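Residue numbers (this note's numbering), protein chains in the order written: chain A, 244 to 450; chain B, 244 to 450.
Where hints are given, some of them may not hold.
No distinction is drawn between identical chains; accordingly, a pair holds when it is met within one copy or between any pair of copies.
Heads up, simulated DSSO-like pairs for lysine-lysine below, C-alpha to C-alpha not over 27 Å straight-line [claimed, not checked]:
(1) Lys394 with Lys431
(2) Lys356 with Lys301
(3) Lys271 with Lys390
(4) Lys431 with Lys261
(5) Lys303 with Lys271
(6) Lys303 with Lys431
No lab work stands behind these hints, which were simulated from the structure alone.
Predicted, not measured: the structure shown is a model, and the values here were computed from it.
Protein chains: 2
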Amino acid sequence: MTNNGLLIVFSGPSGAGKDTILKRLMEKNPNIRLSVSATTRRPRTGEANGTDYFFISKEKFEVMNAGGEMLESAQYCGNCYGTPAAPIRRWCSEGCDVILEIEVQGGRQVQQKCPDAVSIFILPPSMDVLERRLRSRGTEEESVIQKRLEKAREEIAESSHYDYYVINDTVDDAVEKINRIICAEKQKVHRNANLIERMLNHAETIC
Amino acid sequence: MTNNGLLIVFSGPSGAGKDTILKRLMEKNPNIRLSVSATTRRPRTGEANGTDYFFISKEKFEVMNAGGEMLESAQYCGNCYGTPAAPIRRWCSEGCDVILEIEVQGGRQVQQKCPDAVSIFILPPSMDVLERRLRSRGTEEESVIQKRLEKAREEIAESSHYDYYVINDTVDDAVEKINRIICAEKQKVHRNANLIERMLNHAETIC
């Protein structure tokens, strides 16, 4: 089947468990790469260029963005953030699946630029469970928790343009469902356009 | 996730191994039902009404077809064949996944009437393997084998309107891939339209 990797847009509200799922998914699936964002903000202590972010100048960011070299971009607190397209294209052409962890507005931009991307939205089992998970961190004030819950409701309400929902009931189950989605997507006819031509015109085994 | 079953259009050339795959798939997945076609031809010895076919009169067939009660229909050797919609709708509403084993023209009719159907086209690993499989039956003359190969090439060339390809390299592997496709399709956002409304408006756990 297709040798190209998938670009996977991966979103969900705070408290849905995205980071835990990604960590387990990458342990189980060595073919996956995580996209690294570019930003114009300065590195914090301990942050490494190319691992946490690509730290670039505002001028370079603007040139890249204007030249279509960012799959999506946004401003936050006076700094620019974006997703450079080049590393993703390289990984995909090497057969790796690339995950882009991103919020819903950025997800929409990527879907528009890359209609072939697969988009997955992680959901909690219920809003009650989400609230319990946010409270169990024990580090945040009530007003912060209420703000996060309100933001979560907004993000969930805006998720209808995604391709797949995965409910994070247990991490192993969610990871298994994501792996099934990845396998199924690689069987899609539109991702294997030249398979039939090769099969009908050549004698060799192609799978 | 969705409680409705899927309608699965299942096609592929003679010799690709469809029947073997279906048998194994149904052993492993008790939630699957096989659609039964209706025909106006007479039952052969040993054929049971409702199991092999629904044997119905030409008048009844024509009334059902004109009334939109067939998902697809065709004529062959002066007899009518078709797929009654009612049993499929009932099984799907009960949560069963229904497989419709059908050739490509019929598959196209079903896709047009049921855009929600999932369509899977089974491929051999190569045309050489297909030829070896057809020859290994040892029951057919060379001219029959050549006709089957030509028909297989035609069907494969017409398969681009299907959703998924599954290469039947080994039966277990093909069955596993089909099960992953079924699981992934049930995660699709458009099949879970009311999930978000229920999640945001009710407190209970919904998965």
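Here's how the hints hold up against the structure:
1. Proximity of Lys394 to Lys431 under the C-alpha cut-off of 27 Å is restricted to the inter-copy arrangement: shortest distance 23 Å between copies versus 34 Å within a copy.
2. In this assembly of identical chains, Lys356 and Lys301 lie within 27 Å of each other by CA distance solely inside one copy; the values are 23 Å within and 53 Å between copies.
3. For the identical chains of this complex, Lys271 and Lys390 are neighbours neither inside a copy (34 Å) nor across copies (46 Å), given an alpha-carbon limit of 27 Å.
4. Taking the closest pair of Cα atoms, Lys431 and Lys261 come within 27 Å of each other both inside a single copy (26 Å) and across two copies (18 Å).
5. For the identical chains of this complex, Lys303 and Lys271 are neighbours neither inside a copy (36 Å) nor across copies (56 Å), given an alpha-carbon limit of 27 Å.
6. Taking identical chains as interchangeable, the C-alpha atoms of Lys303 and Lys431 are never at most 27 Å apart, the minima being 38 Å within one chain and 39 Å between chains.
Violated hints, in rising order: 3, 5 and 6; the structure is consistent with all others.
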